[in-house]
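A.B. asks: Here is what each chain is made of, one letter per residue.
2 protein chains.
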Amino acid sequence: MPVATDRTRRPFAMDDAVAILERTPAALDALLRGLPDGWIAAHEGGDTWRPFDIVGHLIHGERTDWVPRARIILEHGEARAFDTFDRLAQFVESEKRTLASLLNEFAATRRESLRALEALRLTGAELDRRGQHPELGIVTLRQLLATWVAHDLDHLAQVARVLARQYSDEVGPWRAYLRIISGRQG
Amino acid sequence: MPVATDRTRRPFAMDDAVAILERTPAALDALLRGLPDGWIAAHEGGDTWRPFDIVGHLIHGERTDWVPRARIILEHGEARAFDTFDRLAQFVESEKRTLASLLNEFAATRRESLRALEALRLTGAELDRRGQHPELGIVTLRQLLATWVAHDLDHLAQVARVLARQYSDEVGPWRAYLRIISGRQG
Chain A
14 MPVATDRTRR PFAMDDAVAI LERTPAALDA LLRGLPDGWI AAHEGGDTWR PFDIVGHLIH
74 GERTDWVPRA RIILEHGEAR AFDTFDRLAQ FVESEKRTLA SLLNEFAATR RESLRALEAL
134 RLTGAELDRR GQHPELGIVT LRQLLATWVA HDLDHLAQVA RVLARQYSDE VGPWRAYLRI
194 ISGRQG
Chain B
14 MPVATDRTRR PFAMDDAVAI LERTPAALDA LLRGLPDGWI AAHEGGDTWR PFDIVGHLIH
74 GERTDWVPRA RIILEHGEAR AFDTFDRLAQ FVESEKRTLA SLLNEFAATR RESLRALEAL
134 RLTGAELDRR GQHPELGIVT LRQLLATWVA HDLDHLAQVA RVLARQYSDE VGPWRAYLRI
194 ISGRQG
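Chains as they are written, first to last, in the numbering used here: chain A, 14 to 199; chain B, 14 to 199.
Hints may contain errors.
Unchecked claim - What follows is a set of in silico ranges between Cβ atoms, one per label pair, in the way DEER data are often shown: (1) A:ARG100 with B:ARG134: 42 to 50 Å; (2) B:THR111 with A:THR111: 33 to 41 Å; (3) B:ALA92 with A:ARG22: 46 to 54 Å; (4) A:ASP141 with B:ALA189: 19 to 27 Å; (5) B:ALA113 with A:ARG134: 29 to 37 Å; (6) B:ALA32 with A:ARG22: 32 to 40 Å; (7) B:SER114 with A:GLU88: 44 to 52 Å; (8) B:ALA102 with A:ARG93: 53 to 61 Å; (9) B:SER114 with A:ARG100: 37 to 45 Å; (10) B:ASP60 with A:GLU35: 25 to 33 Å; (11) A:GLU106 with B:THR77: 39 to 47 Å; (12) B:GLU148 with A:GLU35: 35 to 43 Å.
Unchecked claim - A few chain A residues that face chain B, going by a derived Cβ cut-off under 8 Å, partial list only: (13) ARG23; (14) GLY51; (15) ALA54; (16) ALA55; (17) ALA163; (18) HIS164; (19) ASP167; (20) LEU176; (21) SER181; (22) LEU191.
By construction, these hints were calculated from the structure, which means they are not laboratory data. Backbone N, C-alpha and C define an ideal beta-carbon position, used for all residues, glycine too.
Kindly produce the complete structure, drawing on both the sequences and the hints.
C.D. replies: This is how it looks when you write it as structure tokens:
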């Protein structure tokens with residue numbers, strides 16, 4: 014391995030971003046497919062999400078968020094705000110689905126998204142194009158694509174956290190060492 | 014899916030625990046194998062760990078922590094404290110290794126650990142057996158095994174966080190929505 018130097022920030026690069034985006038469905042699949050239902054239905058209380066819901070949310074993002082918003086930026090720039098993203102769509106769309114079928118669909122829709130992204134053959138100048146987020150205001154296409162990557166990883170971490178916290182009591186004194194349970198920041 | 018009821022805690026059950034433990038190596042493999050080196054060498058500043066280091070740490074745990082400590086509890090109970098776990102061992106052991114070889118080794122050592130665990134055919138009474146942690150004091154075998162599961166998930170979330178935070182600046186205004194970057198608790 015190369016010696017770690019200043020590795021705390023990474024400028025956006027399309028190949029790097031795609032390398033993560035193309036791996037997320039397989040990582041979630043490896044973690045979740047075939048797990049006992051109790052894990053899949055686990056949540057953190059209140060209206061927090063189950064791993065089942067999170068996969069549905071990721072599918073909805075492929076269909077309505079990332080590539081569609083990239084197209085809005087390219088076609089309309091700041092003149093047309095993005096459609097609002099429905100953070101709760103999966104509670105209707107995933108009803109009566111199995112986790113296995115959702116994982117299959119996430120993998121398929123992600124492949125389609127990455128084919129569409131590649132077909133756009135975005136230039137540096139296009140990555141600088143600006144769009145209008147309905148709440149956040151001006152954003153760039155580069156920021157949208159970087160967010161796609163971070164959003165995947167955010168939800169992968171969320172799945173891990175939801176599962177781990179099921180054992181908040183069972184770990185006993187080790188709770189103090191487990192940042193994912195204690196919530197300690199680092 | 015079953016309707017979510019009280020799904021915020023889950024009592025330890027061996028089959029549930031093994032279901033997670035046997036999936037972690039494949040999940041990390043799917044996420045990390047073949048990623049550009051810059052992602053593998055990413056960290057969060059100071060002496061925080063790279064994904065590369067985290068895989069090494071998990072291997073070290075298979076060799077010296079989980080099953081070895083289970084055996085100490087079964088053989089010695091509270092009479093013999095666990096050996097202290099070396100949280101930095103991977104910085105020596107992983108030197109000059111490739112990520113691919115570490116991922117292979119983690120998968121192989123985990124399979125060995127799970128075979129050894131199964132061979133113990135632990136009873137409920139044995140899961141209640143108590144041991145002596147050098148810092149935390151009295152712990153049970155059940156707590157040790159629950160911690161093994163949560164520890165896997167903690168480091169999977171850590172890998173996702175280390176990667177996501179590389180784009181802390183690149184996501185621009187979306188930073189406010191990305192809990193993995195903002196550090197916001199929920």
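A.B. asks: So which of the earlier hints does this model not fit?
C.D. replies: Failing hints: none at all.
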